[in-house]
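Residue strings, one per chain:
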Amino acid sequence: MPLAPRLMKDAPPIGRRQTHDEYVAAGGYDALQKALGMKPEEITQQVLEAGVRGRGGAGFPAGRKWTFVPKNTGKPVYLACNADESEPGCFKDRQIMERVPHLLIEGCVIACRAIGAQSAFIYCRGEYPHSVRALEEALAEARAAGKVGNDVLGSGWRCDVWVHKGAGAYICGEETGLLSSIEGGRGYPRIKPPFPAVEGLWGCPTIINNVETLANVPVIVRDGVAAFKAAGDDDTTGTRLVGISGHVERPGHVEIDPAKTTIRELIEVHAGGVWKGRKLKAVIPGGSSVPVLPASAIDVPFTYGAVRNAGSLAGAAGVIVMDETTCMVDALVNLMQFYHHESCGQCTPCREGTGWLEKLVTRIWKGEGAARDIDLLDSVADTIGGAQAGKTICFLADSAVMPTKSFLKHFRADFVRAVEEGGSPVWRARAGQGARAAAGAHG
Amino acid sequence: MADVKLTIDGREVEVPRGTTVIQAARKLGTDVPHYCWHPGLKVAGNCRICLVEVEGMPTVQISCNLEVREGMVVHTESAKAKQARRDVMELLLINHPLDCPICDQAGECKLQEYSFEFGSDGSRFQFPKVHKPKHVRFSEKVTFDAERCILCTRCVRFLDEVAGRDELDIVNRGDRNEIAVARGAELTSPYQMNIVDICPVGALTSTDFRFKSRVWFLKQTRTVCPSCSRGCNVTAGARWNRLLRLVPAENQAVNRWWMCDDGRLAIGHVGADDRLGAPLVRKDGALVETTWDEALRAAADGLRAAGANLLALVSARLTNEELFLARRILDALGTPHRDVKPRAWERDELLRTGDGNPNAEGARILGIAPRAGGRGLAAWGGSAIGAAFLCGEDLDDRPELLDALAKASFVLVLDSRETATVKRVATVVLPGVTSFEKDGSFTNVDGRVQRLLPVVSAPGDARPDWRVLGELGALLGCGAAPRSADEALRALAAAEPAFAGLSLGRLGALGREAAREAAR
Amino acid sequence: MAYVTVRRRELTFAERLYLPSILKGMAHTLKHFVGAGGRAGVTMQYPEEKWQLPSFYRGVPSLVKDADGRGKCVACSLCEYVCPPRAISIVPKSIEGVVEKAPEVFDIDMLRCIFCGYCEEVCPEEAIFMSKEYEICGETREELVFHKERLYEIGATLGADAGVPDAERKWAKLAREQGEQGVTGG
Amino acid sequence: MNALPVLLAETVSDGGVWASVNRTFVESRWAYPLLLVLVVGNVVPLLVSFLVWAERRGSALIQDRLGPNRVGPFGLFQSFADLGKFLFKEDVTPGHVNKVLYCLAPAIAVIPPLVALAFVPYGRNVMMADVDTGILACFAVSSLHVYSVTLGGWASNSKFPLLGGVRATAQMISYEIALGVSALAVLMVAGSLRLQDVVLHQADGWTVHGETLGAWSRFLDWNVVKQPIGAIVFLIAGFAETNRHPFDMPEAESELAAGYHTEYSSMKFALFFLGEYAAMIVVSALFTTLYLGGWTLFGLEDVLADWVRSSAPEAGWINWAQVVEGVLHSGIFFTKTLALLFVFIWVRWTLPRFRYDQLMRLGWMRLLPLSLAWLALTAVGVGILR
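Chains A, B, C and D, in that order, give the protein sequences. The opening residue of the first sequence carries number 1 in our numbering; numbering runs sequentially from there. The opening residue of the second sequence carries number 1 in our numbering; numbering runs sequentially from there. The opening residue of the third sequence carries number 1 in our numbering; numbering runs sequentially from there. The opening residue of the fourth sequence carries number 1 in our numbering; numbering runs sequentially from there.
Please note that a few of the clues may not be correct.
Just the calculated beta-carbon pair ranges, DEER-fashion [claimed, not checked]: (1) B/Ser503 with C/Leu144: 31 to 39 Å; (2) A/Asp382 with B/Met57: 15 to 23 Å; (3) A/Asp382 with B/Lys27: 28 to 36 Å; (4) C/Arg70 with A/Lys279: 55 to 63 Å; (5) A/His341 with B/Arg17: 36 to 44 Å.
To be clear, the hints were calculated from the coordinates, so they are not data collected in a lab. Don't be surprised by glycine CBs; every beta carbon is placed ideally from N, CA and C.
Pulled out of the complex, with its shape left as it was, chain A reads as follows:
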């Protein structure tokens, strides 16, 4: 066990929330007290030095982002916490919100202090009622304890935190889509520039950070930069919360030192290995939007740079494991249905393209496709986007393209087999059942 957990170090077991008192007893809100004694620039500087990168997936250094807030615009500044953890395979933010919500609240308040905001919105996923409840209860406690509200810790500084419940759209996890949603509009991502740090909520400077990112802020302020950087490497500082799901013996989450933990260790040590003693086939390391890695490519540490070099992205650290029995066509159909369903429909390539991808994959899946459909799928994916395309406002189209391209790159044989054998195994089994059922109805 190489790591002492930081974020989750005092976390109660799953199903229970750490109360305000428990949190304070464990040293909670000390960081806030400390921060109130610092100049905002000093806090920002600390976060900048800590090098904490955005945990939402993009990995943009949080401190850098904070410095983008223009000074003296006369407009209020807002903080938005992205708690819309809707990436398939990700469930790490949930652990923080449901088990150590005060950590997040403290992080929000400190961040507000740093960027000069007095309001923070935690945009929580609508499908997370437990998280919402935990946050709201914790907020009530914090407000009662004077940690949040008109007079934070008696400093006379006002800072409030609000929980905003989403309505179930994946796209609202995109930072500008999230802003639109908070404003009450359609969850359409916005074009950049202007960047939200300049023009965000209601046209005012707004900083958007992921739950885990903000949860790291009290840790940095409390323990100092050096202690924070003890975990991770220069590329990825601090610990990472990783969710592991799929064909493993013990799915769940774990806080790791990304520099010292490889993906293989995540699966074999932390998740108890591939289930049923089967062999590993593929891993999606960062949530469904990132390229898939074949079993041969997983002996890399879980840092941003290492995973990128391996051909994928650490993303939001949702590791999805697939065993040797998995037909990758089945997996891709699932993903494409998701992205087609979740495309907001604003940009042409994504609106039209995700549907096309789904239809094409489904055709191959059902065995109605021809060999040329596999090439067409690849080509259509290129038409829609890709990491270097920039054809859409947000990354949803690219999120659909990246798995498609990587699935075809690494597991083309599965697709060829589906074409040749009249559909994927799952489809054939299902169709066979249907045929038997039909036959049974007649017999």
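Go by the hints and put chains B, C and D onto chain A.
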């Protein structure tokens, strides 16, 4: 702000800081393909067709939202930009119904144009297209076809940003997205038909113009809307010598890109059944057709006999030239009794001025108002009327004045329609034409003199009012009749300092300011 | 060598007399006259016998219906636009159903028509076909302006039995797809 | 003159004033010719209509077509349909023409050929006017035909008809000389201007120095044998006279629209048409008379007539023997004429048209010298053989 120098397709251009690349390209005459971008609306950046390649940037960029930077090197026609555009075009078309044969937009459809320019001749999409509701009535005026819609949101943004009403919205998600009348709202904006114009495809069509004619058959003429004193520039479309539609023409000094629905739809009078096609004189109580010579002679005799006692009502719907020629006649007769009939029109903040006379300003500059001792229109009802001249005007809405006029010995009416006034009180009727059938100019509420051009030809033997007034003036000895509206305007320019130096040619497409101060 | 003088052959006396040639010619025509020299009877007895029209034959342009008996023309006016002698005039109308538009008036002035087939070629709906009909006559000019009904009547003979491809059946296809996708309204 | 007037008289033998008038008339020398005039005057147009049909059918066969075959059996009544058409077509008289001459021209086209046929002997007793100077009268009358062409072209007051008319006039006058000169040679041989004499001369065998040769010489007695060159010249000139191919310069369509009758339509045009065919009949009839032995057939005509006569019924109120003889002779005559007419048609659909200068050169520089030379030769021959 300081200017920024950048290179677009190898040509340098200097534009103010804050300009977007698409605008800079337009300055060079390069029209980067675009759907959602409209110069009069905020940038939405969702159609993704205006992609360009910028040196030093790894990905293609939408030019509509890309601000210029010093030294930027932009390629709109590079292989990468073209490929990106082609890709977007392909995706735009996969679920488009391609029902151009029944789509009114065909012929002025951006989708068609770009498809023709750089689209593919086939499709790689072999699935049933996504179907959405068709011919949805958004309102009495606008019909919507969701399948043709490319979700550029120009309509939504127009209503929101220009018309100031959140009446349209987008519903559903992804490729099932549809524009819809927002829940709880109705599409009632008096400017709603502009969304038909700015819709780059055939999703929004005018219920009025629907299926009337393919646009490529239309004879398109740029002229001025006669419905209010704003003088919105319009492009009139005519076929079979029938005026079929008006659409706004861009004029930043007047109406920018827009016009109101009421003005747009007020074209029924041009092809009305009651148009006058021949001069009439009253004989034994009934109006009978006659020749122009006879009618003009009768009109001149009547006017001469009335002399200074003539009551004249000159319409501010006449052109500057006609008002000038009418004034010339009234001056020759020496009558001080001259007035303009006011015409109410709803007023708003955007374009509508509240004055339904398109040339009210011209009439004001030319001083069509009671002279000292003259009776204005308000005073017509009181005492007996001996003779009257209704120049381009009727009094159908003023029955009490009609009663008074009915007792007059001579009433000359110059009008384009057989109004109740004509039927009841006219002694001599000279058939004029509508503003869509003649040359001339209006002076709008801001003193801008704008040119009218004939769109259709007048019915029967009706003549442009300037010609009638010119010939009538010649009979009354006030100078030769002008041979063209331009000649009349030159005469006006020589006589009135406010119009000095103007001719129809010099007005150009966008009009010119009259010297307002001189007139005041 | 701008030109070459070709010497004419000197004619013999008999040739100069022409009579042998004349007699030869007369013998030839006589042979045909008695039926020995040619293919007497190639003349077709027109109203009774009719020409086997080639597949590319262009007769009267006509409007066709799909297999469900629905007129295919949607009054897009492309034929009107492309028609070189301006023989076609169309007034569209709005109709109920999955296809919104149809011709109210569809006239082809057969006195103007030059049978070029451009209308057939340009038609995006495959609604207009050059029929095999070529017997056109009338006593007045008006009679030779073929109206919609007449054009559909001529075109009807070009239906499924005449091999005009109509696998599409636009109305049926659109209605089916809309039903499958649960599209309502409009 | 013969039994027929008597026979006719018997048919109107019953009393009354009119009867006596009729009898007087019937017995007069006018009745029989008038009857013939009636017959011929109707038969010739009929023949024309048949000719037109024959021409069209013949040309069709030569060209491997069928020709008119709709109206009546084999399309025989096509000409009548055409006639109906001509009658009911709009008769356009252009505004710029000389109306009197314009209307006169088609009439002149028809009348001379019809009159000329009056002098032709159709049988021993079948002729309208047995004129002593028959051949001269015939030529005199038929020469008037040229006026129709001249006037038609001139009165039309239009350039193509005028050119066509002038060309036709020049052509007809030119070839008339050759025609006349070759006919002169025949007259020399026959020693008479009377056409019946010319015919009979060809039927009695050769006479050399007043001595009649044997019956075999009857077979060589036709002038076509005795006057081969003359016959050819006459035939060629006859083609030219009637404006037939290959000499149809006057109406050469490709050069002059339709020549002198361009401005004519309807029945007036039909009259020109009729005139042309009537002229063909005249030329054929004359050629038959002058060169092909007229109504004779090497004496066989008499043998046949006798045989028929013997089996004919007793002379009742109709003298059948006379009738049969007349019909037989006429039949022989018309068979020859029709054969010639066929040649006319045949040539038309075989030979190409002359160029105008070729036509003139042929007329003046070939045919005229040839016919003159032949005349001289004939004179010598006649002198020697007499």
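Against the structure, the hints come out as follows:
1. B/Ser503 with C/Leu144: 31 to 39 Å: violated (51 Å)
2. A/Asp382 with B/Met57: 15 to 23 Å: Because 19 Å falls inside the window, the suggested range holds.
3. A/Asp382 with B/Lys27: 28 to 36 Å: holds (33 Å)
4. C/Arg70 with A/Lys279: 55 to 63 Å: holds (60 Å)
5. A/His341 with B/Arg17: 36 to 44 Å: The hint (36 to 44 Å, Cβ to Cβ) holds, given that A/His341 and B/Arg17 are roughly 42 Å apart.
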